[in-house]
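K.L.:
In order, the protein sequence lines correspond to chains S and A. Once you know that position 76 of the first sequence is 84 in the numbering used here, the rest is easy, because the numbers rise by one and skip nothing. Once you know that position 114 of the second sequence is 100 in the numbering used here, the rest is easy, because the numbers rise by one and skip nothing.
Among the hints, a few may not be true.
[Unchecked claim] Looking from chain S toward chain A, a few residues come up when the C-beta cut is under 7 Å (computed): (1) A73; (2) G74; (3) V94; (4) A158; (5) Q228; (6) T308; (7) Y322.
[To be verified] Lysine to any residue pairs mimicking SDA-like chemistry, simulated, CA-CA at most 25 Å apart: (8) K112/A x T117/S; (9) K420/A x T117/S; (10) K33/A x R332/A; (11) K112/A x V320/S; (12) K294/A x R332/A; (13) K204/A x G32/A; (14) K333/S x E190/S; (15) K204/A x F0/A; (16) K333/S x P111/A; (17) K112/A x Y327/S; (18) K420/A x L120/S; (19) K112/A x F168/S; (20) K112/A x E190/S; (21) K112/A x D225/A; (22) K294/A x R312/A; (23) K112/A x L325/S; (24) K202/S x T117/S; (25) K333/S x V109/A; (26) K333/S x D122/S; (27) K202/S x F168/S.
By construction, these hints were calculated from the structure, which means they are not laboratory data. Here the structure is a predicted model, which means the values were calculated and not measured. For each residue, glycine too, the CB sits at the ideal point set by N, CA and C.
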Amino acid sequence: MHIDLPMVWAAIIGLGVFLYVMLDGDLGIGLIFPFFHEDRDREVMINTVAPVWDGNETWMVLGGAGLYAAFPVAYSVLLPAAYLPVVAMVCGLIFRGVAFEIRAKARRTRHLWDLAFIAGSALATFCQGLVLGTLLQGIAVRDGRFAGGAFDWFSPFSLFCGLGLLVTYAALGCGWLLIKTEGDLQRRMFALMKPLALALLAVIGVVSLWTVLGQPAVAQRWFSRANFLYFAPVPVLVLACVAGILHAVRHGLERRPFALTLALMFLGYSGLLISIFPHILPPSLDIWQASSPHSSQLFTLVGAVIILPIIVAYSGLSYWVFRGKVRHGDEGYH
Amino acid sequence: MPALDAFHLARLQFAFTVSFHIVFPAISIGLASFLAVLEGLWLKTGKEVYRDLFFFWSKIFAVGFGMGVVSGVVMSYEFGTNWSGFTNFAGSVTGPLLTYEVMTAFFLEAGFLGIMLFGWNRVGPKAHFGATLVVAIGTLISAFWILASNSWMQTPRGYAIENGRVVPTDWWAVVFNPSFPYRLAHMTIAAFIVAAFIVAACAAWHLLRGRRDAAVKKSFSMALWMLTLLTPVQILVGDAHGLNTRKYQPAKIAAIEGLWETEHGGTALNLVGWPDMRAERTRYAVSVPHLGSLILTHSWDGEIRGLKSFPPQDRPYSPIVFWSFRLMAGLGMLMLLLAVLGLLLRRGQRLYEARWFQRFVLCMGPSGLLALLAGWVTTEVGRQPWVVYGVLRTADAVAPLDARQVGSSLLIFVIVYFLVFGTGIYYMLRLMAKGPYPADGIGGQGREHPGLEHRPLARPADAIDD
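Isolated chain A, as found in the complex (with noise of 0.2 Å):
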């Protein structure tokens, strides 16, 4: 790579803006629905330790979604100051997109967040609960339309390109392009699952710290449930995506596989090893034969085309989506073992008494968030150097800029969002540390709530740097 130029500082930019911002949406994404869920158990059955859960994530939430928003808006602007040459060719397609999702999704989470928030009291409990519904909806269809533009940017359709420029032709095809439906599901699944290991990992450590009350065991019952349920989905959805991948973009697949001649008679799977661009060929592999024609084709001697089939000029790198992939796939079966295991112990009577057990579910905490950047790393480095896939390269989106101006700006987002996100989920972690209270069940089944005077994250008695 040349020495650090404007293009490349954008590039690095890019990425670790939207690799921060990434991970606050997953969560606000997954716990949103959990919150619904958890406020319509209580509505449904009474029972206090709904309400206590309801009240205990939702000011984890609280914080988690603020700092989506404000690390979103950097992003929104980051298209026109870094990469005027992508908005400028393609924002008649990606700008209507982003206002959809404004208009559908950002004013009714910031809408109705309020009401959710702060308006406990102001508001009837079906009202409540239908703001919180509203939140949660509102989040999911901002995924739709954030993954319908990314998904378009991978595999476009409905356009035409007049005057050097973008003209959609077909919105529909522009929306639902090839890989969106697919994109859609394996994206918002690991969100569930992102909050799925979150909540567990709180549960498992105030475990061990010997806590059994209801609301405890309640949410750990519940997180594993939820990762029994979606991790075999989420491999099967994986599967199909990869199929999908296979058809449209067949340089990224032989790029995540270090596959370099396209081989006849049935494709080894390379396990582990080094792909070498200039070599053109992967080192140290270790390999299983026939074994990448029946995952990415579902046949024995189905054909994958090689690395050495695309220009050079037109491969991604990759060791990166080599190695970024095998990170995802390896969390993803490492996810599975752990649902298998939370099953057999619940047979067993023993989920709640098994340390091992919670250590694991603890250690395992941030993989849904690892797997998902893991998974976003593959996925868009493997469409290198195409930022709309076979229609404009990366290196012609880039703003007219010199390196100091996105050199200085790089070095100032790095300062503010280290102090600013590293402050957030330091305050994230210590509100899960403190655990939800079991408490505050006590005084009926009244409304009132001794965490409803104020705002959830607003407890007088209830400070987090204390």
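So here's chain S without its partners, still in its complex pose (with noise of 0.2 Å):
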């Protein structure tokens, strides 16, 4: 029997990054912390994703590191190709991470840490948006090794991108923090959700017509006859989860905006890989020519389709273990 093992490994990194997207709520709540001055507050904040952002990491790292094992050739031309980003990105994450430890020690320079958290949190999403903007647009491959100038990643579209990530963490965040708060918090989180979830429509719509107006290629993808009719309810999917969320947020439904707004994400993470598929970095590689070969492929399968499964189980246990709402002055948190 022939698998397609280039395929799986796409996929398999493809749900990573969904799944470190979906988590990453947390680097959403350093995103939406500046409207929320009270010290009592954002430590609340903090705590819902305190004992599990280590892991929700994890999920990123394993997304470079699979990239890295299965298509080295596509690994080796992203990251010279978005350099600065990539290290600005790293830099982001040091300081959001060890102001994670840091700030609740802190008296005197707590406010410093909350910046660090901030800034960080806000320099790695917005960094992230600049690969995926620069992955997008396309990268300059020759001979399997990256061609481009030092500043290709640096164009409007790419930092729209940017942009978007930002507005798309921070509903996440706000979603995430609607079903761990109560309260007068819950109250304001709720008020928060309604303009970012008309930001991320925009967001959504701003970057869809920006590739399917920029790149030929994408436009043929999607409006050829026969995808039109499949591709056709994304859009109107996407207003039916905005709809979703604004009647939720009326009606101060805790759960259904954070659902809703995975969904959305969901939905224009699927739309990108429609754009490029089968190419891993277009325009012009695609996954089989990026490859790694047959036996690391094979082997690291092997550790994957044995081992994901339990570390998700065990994920989803910690999630149960630190379950229900998060309050002031809680036992066991911060």
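Put the complex together from the two separate chains, hints included.
P.N.:
Okay, structure coming up:
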């Protein structure tokens, strides 16, 4: 039996990255920190993710390592192409990761660590958007090596993607906090959710139009007759999700905005995949060209098939252990 | 060396980031096992001193672990940004090994760390101990994979080269390559020694300040037992590692010893000296006849290849490895002395009173880390000019970058690292200076603990910067 390993690996990495984005409402918490000034509120907000953020970030590391193992060519092209955004992203992650550990411990310098948490989250998010934009707009590759310039990543489109991801993560973080908080803090989260949902709609709209208008290949894919019928429901579903969020906010339904924001993310994410597949780095590198040898992909896949379900199980367990609302001065938390 | 081009800047950046990074995992590996032992002892004996120590060291562990995670993320991306030639050529081997590390270790640690640090009141005592144990095992699994990867780069096996790329043919041979068992043992023991010295020095500090409570004495005693046990073992393992290196990387040994000629009938050992790469000799050498053969071949007249038997472009830069090795080995001897003195004082019942010894232990606090860094410098610089030994030169591994890019990112990393990790290390030291809380034990045998209501790091009355 022949298994198309590059396809399987593309699916695993795609799923890993999606799980990361889905769980990384915790980056979003840093993004909406500036809207909440009181220390006790901030403490509750950070405590909703303190026990799990490490695990969340590991999905991003898995995405990177999986790309490195299964598609080393893509890895060795994408990272030099997005050199400075990647460097800035890890710096942002350093600041916010350390702020997680030290913020609660500091007194005199707490406001500085809050700033590190906010700025680190924003920088990491914005740079992830830049990398995404760099990938979508196309990377110059020659002989399996990056052949572009040092600032190819700097374009209006990629800058907008950075902005778009800020809005996306902020909405996710806000949705997450709706579930984990209560009382006055939750009320203020509801108030924030509405503009975020509308902004998210605008961002998805602009990025979609921009890719379609800017890249004929993408337009071709979406609007060729057969595909168009398949894909036509996507924009309709996007509108339905946003309407659902606004409805939930009006009626104080605390779980639905998060679920619907996730659905929006899924739609946007799958839309991007539809646009570029089977390329891993558009316009020229597809997943088969970028693959590592069969023996490498197979060896790693054996482990992934056995271990990833176990990881999902115990990550779920961790969320279950820390389920429920987080209150100020909670036992077992910060 | 030519002016700093992109290649040398990239090497400098890697050396800088990896040296900063390795400090934290080493501390985490050692402390995680120490914490598991402490919690296990507490469950078994019910003595509060173990619980107090567990909470005290878990705070320091949490800071160190967090910094290890974030500085490690930098490393994995650096392979792509700066060393895409390497990724492209050998990613088929090192990529899967890294992915296995993520899947079998990172997730395990991250998943159970939350329960270990926050879950005291949410899960039962056995389950909590289980979480601590899993975190400790996770750190060891992590060491397994990353050292498999590093050892493969030192002594590559189990591969073929097709179309200018490595194709793994035998994964067992890739992972269990010739230098792997030695490197794994040497590094794991080193991490335990690092943590033992930190614990011992912290206790020595509090003994010197007059504290004599159970927590301080117990941690001093436990750390010293650990050092007494491990230092001799580490020296033996290091010796075996040296024999292995002589077999598979003879140029590295020649560079470490500053040895130029292949001498017959027994090789002397240069104790000190300055290897001169241009003049092809070691200046100011003080040497002991036959000692080189004795140490490296375990025989009176064993033959060791000199550097001149390798073409000049294949020789590692001897002055660095000559001295980094001597620093590591010298510290090892001091550690052995410390362990023996500790044993003697213990027999004379003066362990907690001999102030000169406590000062000695305090000064040796960072010695584990220093020796570890010196050891890594020796093995990594000694591998040059190869990145995959005998297969890919470091110069061919670098990404197509310009010097400004690498230079500016290096500058950013230097500033960020000193700022962030400097602060982190400062906080770890502050926590250690405060010491374990003997008062925490008051209140009977219950599971309630003043330190438990909050994250170990986060007792409101317990700010580190006030």
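K.L.:
Now tell me, hint by hint, if it's right for this structure.
P.N.:
The hints, checked one at a time:
{"no.": "1", "hint": "A73", "in the structure": "holds (4 Å)"}
{"no.": "2", "hint": "G74", "in the structure": "holds (6 Å)"}
{"no.": "3", "hint": "V94", "in the structure": "holds (6 Å)"}
{"no.": "4", "hint": "A158", "in the structure": "holds (5 Å)"}
{"no.": "5", "hint": "Q228", "in the structure": "violated (31 Å)"}
{"no.": "6", "hint": "T308", "in the structure": "holds (4 Å)"}
{"no.": "7", "hint": "Y322", "in the structure": "holds (5 Å)"}
{"no.": "8", "hint": "K112/A x T117/S", "in the structure": "violated (37 Å)"}
{"no.": "9", "hint": "K420/A x T117/S", "in the structure": "holds (19 Å)"}
{"no.": "10", "hint": "K33/A x R332/A", "in the structure": "holds (22 Å)"}
{"no.": "11", "hint": "K112/A x V320/S", "in the structure": "holds (22 Å)"}
{"no.": "12", "hint": "K294/A x R332/A", "in the structure": "violated (50 Å)"}
{"no.": "13", "hint": "K204/A x G32/A", "in the structure": "holds (15 Å)"}
{"no.": "14", "hint": "K333/S x E190/S", "in the structure": "holds (7 Å)"}
{"no.": "15", "hint": "K204/A x F0/A", "in the structure": "violated (40 Å)"}
{"no.": "16", "hint": "K333/S x P111/A", "in the structure": "holds (23 Å)"}
{"no.": "17", "hint": "K112/A x Y327/S", "in the structure": "holds (19 Å)"}
{"no.": "18", "hint": "K420/A x L120/S", "in the structure": "holds (23 Å)"}
{"no.": "19", "hint": "K112/A x F168/S", "in the structure": "violated (50 Å)"}
{"no.": "20", "hint": "K112/A x E190/S", "in the structure": "violated (32 Å)"}
{"no.": "21", "hint": "K112/A x D225/A", "in the structure": "violated (40 Å)"}
{"no.": "22", "hint": "K294/A x R312/A", "in the structure": "holds (22 Å)"}
{"no.": "23", "hint": "K112/A x L325/S", "in the structure": "holds (16 Å)"}
{"no.": "24", "hint": "K202/S x T117/S", "in the structure": "violated (33 Å)"}
{"no.": "25", "hint": "K333/S x V109/A", "in the structure": "holds (17 Å)"}
{"no.": "26", "hint": "K333/S x D122/S", "in the structure": "holds (22 Å)"}
{"no.": "27", "hint": "K202/S x F168/S", "in the structure": "holds (21 Å)"}
Hint compliance for this structure: hints 5, 8, 12, 15, 19, 20, 21, 24 are not met, and every other hint is.
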